[in-house]
Amino acid sequence: MAEATQFNIVDPGIEEGLEKLTEERKNEVLSKFVATLKKGRFDVYVNTCIHCGLCSDACHWYQSFKDPIYSPVGKVKQTIWEILRRDGKVDKDFIRRAAEIAFTECNLCKRCSMYCPFGIDIGYMMNMVRRLCHLLGVVPLYIQDTCNSHAVTMNQMWVKEDEWIDTVFWQEDEGQAEIKNFYIPFDKEGADVMFSVIGPEPKFKPQLIQEVATLMYIAGIDFTFPSFDGWDNSDMAMYVGDFETCERIKRAHFEAAMKLKVKRIVMCECGHAFRSVYDVGNRCLGWKAHPIPVIHAIQLYYELLKSGRLKVVKKIKEPVTLHDPCNVVRGRGLGKYARYIMEQICENFIEMTPNNEHNFCCAAGGGVINCGPIWRGKRVAGNSVKADQIKRTGAKIVVTPCHNCHSGIADIIETYKLGVKNVFLVELLLQVVEIPDELKVEY
Amino acid sequence: MFELLGSDLLYKFLRGPMCWVAFILFFVGSIYKIIRYTKELSQEKVVFVYVKPQYALKSYFHWFLPFGTRNWRLHPYMNLFTFLFHISLIFVPIFLSAHNLLIYESWGISWWTIPDKLADIATIIVIISCIFFLGRRIFIKEVSYVTYLSDYFILAIVFFTFLTGFLAYHQVYTYKIFLNLHILFGEIMLISIPFTRLFHIWSFFFTRGYIASEFGYVRKVKDW
Chain A
4 MAEATQFNIV DPGIEEGLEK LTEERKNEVL SKFVATLKKG RFDVYVNTCI HCGLCSDACH
64 WYQSFKDPIY SPVGKVKQTI WEILRRDGKV DKDFIRRAAE IAFTECNLCK RCSMYCPFGI
124 DIGYMMNMVR RLCHLLGVVP LYIQDTCNSH AVTMNQMWVK EDEWIDTVFW QEDEGQAEIK
184 NFYIPFDKEG ADVMFSVIGP EPKFKPQLIQ EVATLMYIAG IDFTFPSFDG WDNSDMAMYV
244 GDFETCERIK RAHFEAAMKL KVKRIVMCEC GHAFRSVYDV GNRCLGWKAH PIPVIHAIQL
304 YYELLKSGRL KVVKKIKEPV TLHDPCNVVR GRGLGKYARY IMEQICENFI EMTPNNEHNF
364 CCAAGGGVIN CGPIWRGKRV AGNSVKADQI KRTGAKIVVT PCHNCHSGIA DIIETYKLGV
424 KNVFLVELLL QVVEIPDELK VEY
Chain B
194 MFELLGSDLL YKFLRGPMCW VAFILFFVGS IYKIIRYTKE LSQEKVVFVY VKPQYALKSY
254 FHWFLPFGTR NWRLHPYMNL FTFLFHISLI FVPIFLSAHN LLIYESWGIS WWTIPDKLAD
314 IATIIVIISC IFFLGRRIFI KEVSYVTYLS DYFILAIVFF TFLTGFLAYH QVYTYKIFLN
374 LHILFGEIML ISIPFTRLFH IWSFFFTRGY IASEFGYVRK VKDW
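Here the protein sequences come in this chain order: A and B. Heads up, the first sequence is in the working numbering, so the first residue is 4 and it goes up one at a time. Heads up, the second sequence is in the working numbering, so the first residue is 194 and it goes up one at a time.
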């Protein structure tokens, strides 16, 4: 039986969903789910796991609480094994707890798959529990809202088209105060790069749009932003388990690039959006990989530094450490590029331990931070191991090249009073790269 | 009861028809399940397209190597016992001279054998490993939390097969009883492989190979 945690959090989305859930709907969805559990990959996983518990130490939740209910296999036990044992006949309390586990106690970071001797993909299994909750209509309020926004507006934050265009114009204006003739081209056909951002950038952090555009402008990249749907590359639908919406938004993203006939897409410093492109979204659409070249901002910065299109004129003096976001480092092996950048721009770069693909998750990713502020306390408590990791480095700056990591680590820094600053890579880069004289604004 | 356990009749039954039943169930059951899973997995569309042998082989190598992965290094005792346990578990039954002799008597074929002394040591290793695994199941909280009755059952089959084999070889107490029990447990183990989580002896190669390909091919990082 599923155990309750010490956190007694009531999520209005989950509660309302449970209230509306009829007995017929529950039985229908669960009987289909049980049939899925009894064949293919699920059946192999369930019949292979030898219950050795070796995945436990891989999980930051378990490492932080040292309570077996938070171990990866413990979460599978409370959800999937229990559904199988009861042959799908579970009550609403069970579903409430299953939703809590799948949405708020697992970041789908897949570190456990790396530590399981059998390589059982527990992240995949937890995502399928989310899918079950989605089909039952029992989803935390905030993340469901982002998914609704995706379905209606094709972006995560209910940003209307005119608001998006206006925000980019505003950032162009701001940038012109620093860089001569600076402009952010919209809808430029045949550009080398279509830069796509996540919905929260225009909503909460518009300066990032200006910063990255400035960097590309200085480097002389032929880039463009789409003014229409598809500018947002984020994908909370995949984390809700709403794969139908996931398909629609990924298609819109790729189609924007096709429409603009760009050579490739460069994605902002975001992890989950990148995962959605190379891992989840493409498979939902039935594609083996993404249909046009897509790279992450880290790769772009690496290319620009390596080729000398961006020149580093000074280095960051303060000690800097790097948080490896799961979805770009464990997910796509970009650790080596990030390290090259760090070595180029920092005088004193300190590694976290463990690092690279073994790094601990920020506990915000996998849609957990998107479950809203009511879960914040639990999420931060569930990652004391990250706080220790940062503290041990003695660094004054943590680089977090991912939006969820950035916000999650900001919460950790604040709660554990680490006295560290956390920044995106682009923010550091702009401090150290050369701005050619002809681009400088004279006052 | 003891008379029956030590009887020639039981011995003949276990060595004769029961032995055939066990081996047939083991082979047919395993092959059936492998075919069934292969079919179901190929229907999943997103599984086999990503499986690449080069990544799978690299991953097998690291996970089969003692201390070859970070998690093994984090759990040195578990790694050591797992490694010795599985090596012994596979090699002793196949290369034991007594088992070889039985096959030679029946079919006139035989293969290499390991010295009885070595087999003895390997058997003791299996028995100690079982006790170690049992200890983990009882005393380590993250393991005991996910331990079911079936886990003890699986462990008991292996433990008693090797314990009775050891006692029979050394002719402790009544040889015939332990011999019969040894054969019985061995046959239960064979039959259990396709129908319990002992199936991991086969499925390991799929699950490990798949995640290795997922990591190597899609995620471009190592998985050890």
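Since the hints were derived computationally from the structure, they do not count as laboratory data. Being a predicted model, the structure only gives us computed values, none of them experimental. Accuracy of the hints is not assured; some may be wrong.
[Unchecked claim] Derived list of chain B stretches under chain A, where covered just means 3 residues or more per stretch with a C-beta under 8 Å from a C-beta of chain A: (1) 283 to 291; (2) 311 to 320; (3) 328 to 335; (4) 408 to 416.
Positions of the beta carbon are idealized from the N, C-alpha and C atoms, including for glycine.
Tested hints:
1. 283 to 291: violated (count 0)
2. 311 to 320: Contact hint for the segment 311 to 320 of chain B vs chain A: violated, 0 residues under 8 Å.
3. 328 to 335: Since three or more residues must qualify, the claim that chain A covers the segment 328 to 335 of chain B holds, with 4 doing so at under 8 Å.
4. 408 to 416: holds (count 7)
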